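Peer 1: What follows is each chain in one-letter form.
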Amino acid sequence: MKIIVKKPIEYMLGIYAQPGQSMDVDDTWGRQLIADGLADPFQKATLFKAAKADKASNQTATQKSANDRPGDTATEL
Amino acid sequence: MPTLKPINSSLLTVWTSANGTTWTAIAECNDASISFSHATRDVTTKSSGGFKATLEGLREASISGSGLYAYDSVNGPDTLFTTYLNRTQVWIRLSTAVTGDKTYKAQAYITSLELASPSSEDTATYSVEFEVTGAFTQETNV
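Chains as they are written, first to last, in this note's numbering: chain D, 347 to 423; chain V, -5 to 136.
Simulated from the structure, these hints should not be mistaken for laboratory data. Computed from a prediction, not measured in an experiment: that's the story for all the values here. C-beta atoms are modelled at their ideal positions from N, C-alpha and C, and glycine is treated no differently. Hints may be right or wrong, so weigh each one.
If you want the footprint, here are the derived chain V segments under chain D, 3+ residues with CB under 8 Å [claimed, not checked]:
1) 71 to 78
2) 84 to 97
SDA-like mimics (lysine to any residue), calculated; alpha carbons at most 20 Å apart, straight line [stated by the list, open to error]:
3) D/Lys348 with V/Asn24
4) D/Lys348 with V/Thr7
5) D/Lys353 with V/Thr16
6) D/Lys348 with V/Asn2
7) D/Lys348 with V/Gly14
8) D/Lys348 with V/Thr16
9) D/Lys348 with D/Tyr362
10) D/Lys348 with V/Leu6
11) V/Lys96 with D/Trp375
12) D/Lys352 with D/Ile380
13) D/Lys348 with V/Ala12
14) D/Lys348 with V/Gly94
15) D/Lys348 with V/Glu22
16) D/Lys353 with V/Asp66
17) D/Lys348 with D/Gln389
18) D/Lys348 with V/Tyr65
19) D/Lys348 with V/Thr93
20) D/Lys348 with V/Val92
21) D/Lys348 with D/Thr374
22) D/Lys348 with V/Asp25
23) D/Lys352 with D/Trp375
24) D/Lys348 with D/Gly383
25) D/Lys348 with V/Thr15
26) D/Lys353 with D/Pro387
27) D/Lys348 with V/Thr73
28) D/Lys348 with V/Ser3
29) D/Lys352 with V/Asp66
30) D/Lys352 with D/Gln389
31) D/Lys348 with V/Ala64
32) D/Lys348 with V/Ser4
33) D/Lys353 with V/Ser11
Cβ pair distances, simulated, as ranges [said to hold, decoys possible]:
34) D/Pro354 with V/Arg81: 23 to 29 Å
35) D/Leu359 with V/Thr39: 49 to 55 Å
36) D/Leu359 with V/Gly44: 50 to 56 Å
Given the sequences, and given the hints that come with them, work out the whole structure.
Peer 2: Rendered as structure tokens:
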């Protein structure tokens, strides 16, 4: 399963995946990392939200409102 | 439920592990394979009737993979380079991520690592080969 790292994860001796990176791990370990709060499941919406947040921080209130319509469907950018 | 019918090759990839239980796929993988061989012993004699005779010998295996090179990838060529440079023995497997599917698993060393920047306006790539040390097994994904 693909996950998004929230806290550093050692995946090889002395080598860590850093927050924000995505990685493919076996399902058992992935579920454990998520349960331990070290990672989130990878979702396209995760990328969408991150991109939207970046965009929102650089636009006027009117533009932000237009892009925040309730019921908007998350789409891949 | 295990994968049925001829396997879609997108599912099969190379995984590495420091402990043999928690696995990470090599990054941006686009090609993966495993090779087994058996070097039989020659026991041919004059009484073999002109045919080669053999007995069991050394079994060996190697796993290779390749993919796209990105500096920010997890378990990509930069990690593999560290493993190669430190001559670290790692666990290696070729499998899908599907429960119930077969997985081929062993310990290995990296014997070859290549980073490539083909042509121009093309994508940088890498390839890696692991030589198995000791026994290799066929198990079932859990």
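Peer 1: List, from low to high, the hint numbers that the structure doesn't satisfy.
Peer 2: none
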